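Chains as they are written, first to last, in the numbering used here: chain A, 1 to 940; chain B, 1 to 226.
Hints were generated in silico from the structure; no laboratory data involved.
Computed from a predicted model, the values in this text were never measured in an experiment.
Glycine residues also receive a C-beta, built at the ideal position from the N, C-alpha and C atoms.
Take these hints with a grain of salt, some might be off.
[What the hints assert, rightly or not] Under 8 Å between C-beta atoms, here's a sample of chain B residues computed to sit facing chain A:
| hint | residue |
| --- | --- |
| 1 | Asn52 |
| 2 | Leu57 |
| 3 | Asn82 |
| 4 | Phe90 |
| 5 | Ser96 |
| 6 | Ile98 |
| 7 | Met100 |
| 8 | Met101 |
| 9 | Glu105 |
| 10 | Ser110 |
| 11 | Arg112 |
| 12 | Leu113 |
[Claimed, not checked] Cβ-to-Cβ under 7 Å is the rule here; a few derived chain B residues that face chain A:
| hint | residue |
| --- | --- |
| 13 | Asp58 |
| 14 | Glu81 |
| 15 | Arg84 |
| 16 | Arg85 |
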Amino acid sequence: MFRFMMQKIRHKKWLVLCMLIGNVLLVAVAAGYPMYKEASLQRMLSDEFDGYQEETKTYPGLITMTATEMKGELLTEFLKIEDYAGRVLNELSLKQKEWVACQNLSSAKAVSGLVREDATEQTIKIASLSNLPAHSEVILGRMYENTVTEDGFLEAVVTEACFVEKNLLLGEEFTFKGLKDRSGNPVHIRVVGVIRNSDKHDLYWVKKPDAYRHEAFIAENLFTEWFRGEESRRFSVNGSWYILADCDSIRHQNAQEIKEKVSTLLSINEVGTSISAGGLHRVLGEYVAKEKKIEATLMILQIPVLALLAAFLFMISGQMLSMEQNEISQLKSRGASRGQIIRLYLMQNLLMAGAALVIGFPIGMGLCSLLGSSTAFLEFGSGRMLSVRITGEAVLYATVALLGSVFLTLIPVLRYSGVSIVHVKRKKAQNTKKLWQKLYLDFITTGIALYGFYTFSQRTEELKASVAAGKPLDPLLYLSASLFLLGSGMLFLRLQPYIVRFLFFLQKRFLKPAGYASYLQTIRTGSKQQFIMLFVVLTVSLGIFNATVARTIIANAEKNTVYLSGADLIVQEYWKNNEAYVAKEPSAELVYVEPDFSKYENLSQISEFTKVYRTQVECETEKQSADGKKTKNVITAELMAIRTKEFGEIVLGDRRLNEYHLNEYLNVLSTNAGAVLVSDSFRTKQGKKLGDTITYKNSEGKTAEGIIYGFFEYWPDYVPTSVSEVDGENVTENNYLVVAHLSYLQEHFGMRPYEIWMKTDGSDISFFYDWAEENGYKYTMVKSLQESLADIRTDTLFQGTNGILTLSFIIILLLCGVGYLIYWILSIRERELLFGILRAMGMQKNEILQMLFLEQVFCGVFSIVFGGIAGLIASRLYVPMIQITYAADNQVLAQTLITDSADTVKLFAVIAVMLVICIAVLVRNIASMKITNALKLGED
Amino acid sequence: MEYMIETKNINRIFPVTGGEFQALKDISISIPKGSLAILKGRSGSGKTTLMNILGALDRPTSGELFYEGVDICKYSDRQRENLRRTRVGFVFQSVSLIPMMTAFENVEFSMRLAGINEGRKERVEECLKMVGLGGRMGHMPQEMSGGEQQRVAIARALAHRPQVIFADEPTAELDSATAVAVMKLFRELVEREKVTIIMTTHDVGLMSAGTISYELEDGALKAAEE
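Sequences are here, hints too, so could you generate the full structure?
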């Protein structure tokens, strides 16, 4: 049986290859999605950790525990924490990166053994750090010994800082009169060495060596023996444990669990002890909050493709079997039982599934890493590679999908193996309406989709609120869109024959033989093409839809970011000031020293730069109510003081967001030094009019005035309203912004630290950091548009969406290409006899090609055009709602539907290549066809 | 006598694995206009090969083939296709109708191919009536019996008024009564339409029906009878 099967496979190598491709794609997709999801989430988690470290400059995996005992008091708590510190990582199921125990006695007076001019008495803490020698470098003297010296000294090392500050000498000895050893003698130590950290970035030094200014470190075993011995609770010991969990080893699947355990850990509350794990708690918490949304979104996006894959396999296996009907009936007539036939095909399918599993996995992994670098729809590049690994989930998905495929492709066998050849032939001759048409599934599907659209469009506000609450894309919404595409595809199938018939009716009389034959072919046997036509429609429409979704969400996010950024680069340098002095002498004037501003001219990458001063001010307004009563009202407003001309040259973003062009606003402002432009909220909420004067006060109590020269709705980096949660309810708050002249403000408020807004030539922003570091300039803020945009593009939700939409499209395209090719090759094979007859009757090869070409137009081109239309309609209907899901918390600008014609061009280019390949194969097939051979086929 | 088709020393050699196979050996025949010529012989004797060459579907390896005195072996592919469209009609052994066309459309199609645009409808109806299928013009091939299909094929071969009709084993798949009816039809056509019909058969009973017959054996002409 096996040999027979292999023979069969060889015989039908093309179809088998197509089946295999289908199965391989199935594995690649089924395994690819979980792998991609897993890799994306993992990367997001590690990004969160990195972000925390960058922001706080502390290692995110740090757990700090401290405990204190006083001569035996609180000892139980101390021991409990000490014990806990030893096993906490195990309990949290975290890997250890570093584990440091620091113990010290309370500071004690110690008398130097030397006669010195300066203080002979020092305050010193005897301490120990676990595993100290391995992490330090001795810069003077030597490391301590682990044993007491013969003359009864404890050897100690100190840090550089301690050594210098206390002005110690190498070999200096100290006697602690207050600390008595077991025999009642004072404790003596001898400083034998000075240490520093051997590696600047060593995580071991959670507290940098410089922070140990009073500690004299002795060997840990000696510390324990001398000061922690069971019977001698005569000392007060402080313990600090620095436990550094390996963040890289935290798998995202465990994040939730670990977060909960950390919460439990943090709730431990013992007297005299403390536990902190701020980084872990915060990062994991933030991650878990985002994870659900992303996971759900990625999952929803993949459903249509999986459904299509199943349909594809069903179609191919059906086609393959319809070619094998004769074979099956022959097998039956030779006495093979139904069971044997089913076993034969089952074996064949299983073999194929096995091969697909082996080939599909690496392809799936390759696709995932490729997708990890996707930056937009069908665009790859600057992103980082994902580290993709095979997971149990992926194997499970792939296996289930394959089993499904094996079963699905067996259904036609069950059908064919039970019926006789006569029945099959009779059935084949019929060209009846399909079941879905009888059931009006096309209308029903489209109807449901439109109903979905209608209900969602009624509920956009609700949708926005649920997104704000962190809910993922509503599965029903995406499903509606998919259903719409499917439904309109089926509608097209119903419609297409009428269109062809109408065209035929118009041209019937004058048609050349080729055209005549292809019209009749399409009209009479069109239903065979329906599956493949549906695939083409879905490929194109889904392609356009996916591209629009991807493009729109990214473009809107980018537009918003540009608006909120204001300029390519905004920095605030550190200004020296006399704040400390003013704090002591409130009567003194606060003075800032303005750093050199002209130095930015030296930066070739910066073409323009300007000063922008921003601060918060209080603004007193009067409101006149209906009965003429005036009430005073103080509001907090943002103040932005600018130099109009330079600001106009540098500022980014759409300048036509307001009623007037931004430049016009700036021109008006520039006409009067005392003029201000204010946000519309002053007009709508505070009743201000043009020409009114507003008075505002900064935090130092200095005031300034401004005459309102204009109102605006949008201003770079101005957020008109913000939503905050108060007592569980969303409250919308209006924000106020006053734009004034910098010189006027400096006159009234004095010289205060301003921001510098810069226009760059687009070079990588690292030039600025390098320049600042080289010259030793200190900045309290650096905000780069480039970095903000990069953040969007590498954001897991955006990138995952892009990646999956692209992957879906590529898969469908492959399916469509493979399916299209199979359909046509089979169709030609089936019709070889017919072509022979036509050729015998005198038709030229060219005419036969023309005929096939025209059939392609009816089947392919019609579907492409219709798919395009359906895709555009679906985009118009559903994208505005889908993108709500991707709105940023600080989305200011209205989200608009954005299409890039480059996407459409790309899409059609890819499809055109598919068609050209297909036609090339057909031409080759037809050209090599011999009439006499074709005719002989009919004589079998 | 005016000959419709003449051949001189036609040879046809097929390359086969490990050598050559000579399917036709020095065939020289002359078929007068308006005759019903029958090529007979066992299967493998070269009937169909000869027929394919006579019908300009295949080219001889050597030798000459004249249509009304013109050597068509020198014709280009395009010229041969034109010849087949306008001057020749084919009826094949097995069902050779175009499956997606009705009986009417099948017959009409040969006229479209021949470039006839005027009077198509009338001629199609005439031909279908001639073969006795005037009432089944709108039927699809698969809705008709083998004999009916074959008669549609004959009507199709006839419709564009060709000079020659080639029929390769037209009766092979028909029962003997239908076969006799088809032969009767052929004789009528020769008389009414002044067309030359060349057919192959291995059915001994039909051989006497022709005006001229040739017998082939192993690719060589064994006998010719008038």
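A quick look at each hint next to the structure:
Because the beta carbon of Asn52 of chain B sits about 5 Å from the nearest beta carbon in chain A, less than 8 Å, this interface hint is met. Because the smallest distance between the Cβ of Leu57 of chain B and any Cβ of chain A comes to about 5 Å, under 8 Å, the interface hint for this residue holds. Because the closest C-beta pair between Asn82 of chain B and chain A is about 7 Å apart, less than 8 Å, the hint holds. Contact between Phe90 of chain B and chain A, as hinted, is supported at the beta carbon level, the nearest pair being about 5 Å apart and thus within 8 Å.
Annotation: interface hint on Ser96 of chain B holds; nearest CB of chain A at approximately 5 Å, less than 8 Å. Hint status for Ile98 of chain B: holds, given a least beta-carbon distance of 6 Å to chain A, under 8 Å. The beta carbon of Met100 of chain B comes within 4 Å of a beta carbon in chain A, closer than 8 Å, and the hint placing it at the interface holds. For Met101 of chain B, the shortest C-beta to C-beta distance to chain A is roughly 6 Å, which falls under 8 Å, so the interface hint holds.
A distance limit of 8 Å between C-beta atoms decides the matter here; for Glu105 of chain B the minimum to chain A is near 7 Å, and the interface restraint holds. For Ser110 of chain B, the interface hint holds, since its Cβ comes within 8 Å of a Cβ in chain A; the closest pair sits about 6 Å apart. Annotation: interface hint on Arg112 of chain B holds; nearest CB of chain A at approximately 5 Å, less than 8 Å. Given hint, Leu113 of chain B at the interface with chain A, holds; its Cβ is 5 Å from that chain's nearest Cβ, closer than 8 Å.
A distance limit of 7 Å between C-beta atoms decides the matter here; for Asp58 of chain B the minimum to chain A is near 5 Å, and the interface restraint holds. The interface hint given for Glu81 of chain B holds, since its Cβ lies 5 Å from the closest Cβ of chain A, which is under the 7 Å cut-off. Hint on Arg84 of chain B holds. Least Cβ distance to chain A is approximately 4 Å, under the 7 Å limit. Hint status for Arg85 of chain B relative to chain A: holds, with the closest Cβ pair at about 3 Å, below 7 Å.
Violated hints: none; the structure is consistent with every hint.
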